[in-house]
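Enquirer: If you want the building blocks of each chain, they are given just below.
There are 2 protein chains.
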Amino acid sequence: VTAGEDPASAGGRAGTLRELGERGFIDHVRRRLRPPGRGVTLGIGDDAAVVTLGDRTLLLTTDALLEGVHFRRRTAPLRDIGAKALAVNVSDIAAMGGEPRWALLALGVPPDLSVADVDELYDGLGETAERHGVSLVGGDTTAAPAGLLLSLTVVGEVEGAPLRRSGARPGDAILVTGTLGAAAAGLAVLEHGAGSAAPEAAEAVCRAHRRPTPRVAEGSVIRASGTATAMIDVSDGLATDLGHILEESGAGAVVRLADLPIDDATRAVARAHGVDETGWAVSGGEDYELLFTADRQHAATLARDVTLKTGTPVRIVGEIAPAAEGLRFLDAAGRPHVVRPGFDHFA
Amino acid sequence: VTAGEDPASAGGRAGTLRELGERGFIDHVRRRLRPPGRGVTLGIGDDAAVVTLGDRTLLLTTDALLEGVHFRRRTAPLRDIGAKALAVNVSDIAAMGGEPRWALLALGVPPDLSVADVDELYDGLGETAERHGVSLVGGDTTAAPAGLLLSLTVVGEVEGAPLRRSGARPGDAILVTGTLGAAAAGLAVLEHGAGSAAPEAAEAVCRAHRRPTPRVAEGSVIRASGTATAMIDVSDGLATDLGHILEESGAGAVVRLADLPIDDATRAVARAHGVDETGWAVSGGEDYELLFTADRQHAATLARDVTLKTGTPVRIVGEIAPAAEGLRFLDAAGRPHVVRPGFDHFA
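Chains as they are written, first to last, in this note's numbering: chain A, 1 to 347; chain B, 1 to 347.
Careful, some of the hints might be misleading.
Just the calculated beta-carbon pair ranges, DEER-fashion [what the hints assert, rightly or not]: (1) B:R56 / A:G195: 51 to 59 Å; (2) B:T75 / A:G54: 38 to 46 Å; (3) B:D264 / A:T52: 43 to 51 Å.
No lab work stands behind these hints, which were simulated from the structure alone.
Here a beta-carbon is modelled for each residue, glycine too, at the ideal position from N, C-alpha and C.
My request is simple: use the sequences and hints to build the entire structure.
Expert: Below is the structure:
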């Protein structure tokens, strides 16, 4: 997760995608593509692409969810799968400070799916759409013998300049909305049971995993403040996603583990599973909170402002550092802490 | 393929998607969804959705291609798979009379795909993009254990009103660009060999199958003429796609089989395979020609105008009729001809 490192150049031309890694692959594609054409402000490499049409700025994002890779029908009702598939795309729009407008769904239907099942899926999708003012305007449906597939595209709009991953500067504060680790705790409960954790705690973290809330209003306030410098949503884990900001910004960072926001339910489930909840908070992913940086002098004010306007707590968890310092996590005593990287889709 | 028929209402609530059929499924989803929100001119059910942003009109379309369902790596080089995946989405924009602008790719990568393979895929995609002025601006990449997956989204723009499926009126002429059946002939060669057909003929139809040409300039001329009344691209076969126009327009049609444009290579391959090329032209699909209707008095002029401006031949193949007459195909002697329906993704 060190900024500036390129797995592709490390050992000559990599032959397999596993060797290249997800980030290396994206960089590889970005280098090979032609320079973007007319109206393209920002192409591949951020949460969403940015294009201009007349005096309007559009955000475009796509994400595919595959059964067996991103979800299991055994552990997730179809209603939740539909709701989450749209939510993770809406979250990409939120991560640029934009507002989602229209969605398209390419749906791959396995042979055992009934019409009632598909209705459940669309109902969940409709719940997310209604909550965030998104219209599902189109799609494509095909047979998918190997399992359910949902490929969503969301088109959003942003007033003024979208907030990119690349603007963090040494000295900036690092902030995060809501709490981290609950989605990973929920996945642990779904896969291994709740153990001795209270049913309420188990239910809360499962819900966090199944029904993430994209932070649209929060992202809009953060962007409009003018004091935020970079933003991303936490989909692959704090370590990985902060790594993306550092790579794009050419910077390092220090994160204080004791300051990470972790809710009581996640702590209770971690105790029941005999693990350290900090690992889930740092590497778990799928929280879909906003991770952003801001001018140090204005960070506390921005955090308060977001909470005031949206009700969502915001925590300062560290600072941006020069690139040479890399990404360091410090424990409560100020000692460096080794963190395993987050989710790599090819690993 | 009869207009107005709804498979879902035929036998009560259908339990499986196979019973419902592809068109029945789309109608089912369309009925269940909330009414489209702000800025949505046209939602699910046409080649592309139509949304407005300020004084601009955007077209949005998505199509997923799955290995084993839409293509086989055994018969199609990855470069062609990439080129075609984007081409079929560009064709949906062309079918509304619009111009493609930006594309997004959600790519599912099977374990055996090398970086060189992915480069081939992107190179093919880039060829289609460059040819039609499309910028690939974003994407998502994920592991796909069951096979290669390409889910493309294209955003296009249209000046004035896009040409929909729903405007055909009894008496209108039915026209088609280019030729029909070559893609089906190509698939036959790829799957069963060329037989006694000349290598040049076999190569020509294989190319038609692997590298369809979306008719962007043609669609734009047809829309701008003001005399066309409905349009669709031929993806699932003339019978099925004309059926969509009839269903949306509440009309019937008569098509003269002897007037269908079929090229010499397709005829030669049909002879070699001992089949009637008319079947390929009517039910084969994947030609990605434009099928459109126009005011009878202006149809011949429009056909000439398209050819003059784009070089692409246009043929008048039939007329729109009242809904009660259904969709009829007449042979050279004017006798009704039974046509099997085209491709249904759930059948």
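Enquirer: Evaluate each hint against the coordinates.
Expert: Tested hints:
no.	hint	in the structure
1	B:R56 / A:G195: 51 to 59 Å	holds (55 Å)
2	B:T75 / A:G54: 38 to 46 Å	holds (44 Å)
3	B:D264 / A:T52: 43 to 51 Å	holds (47 Å)
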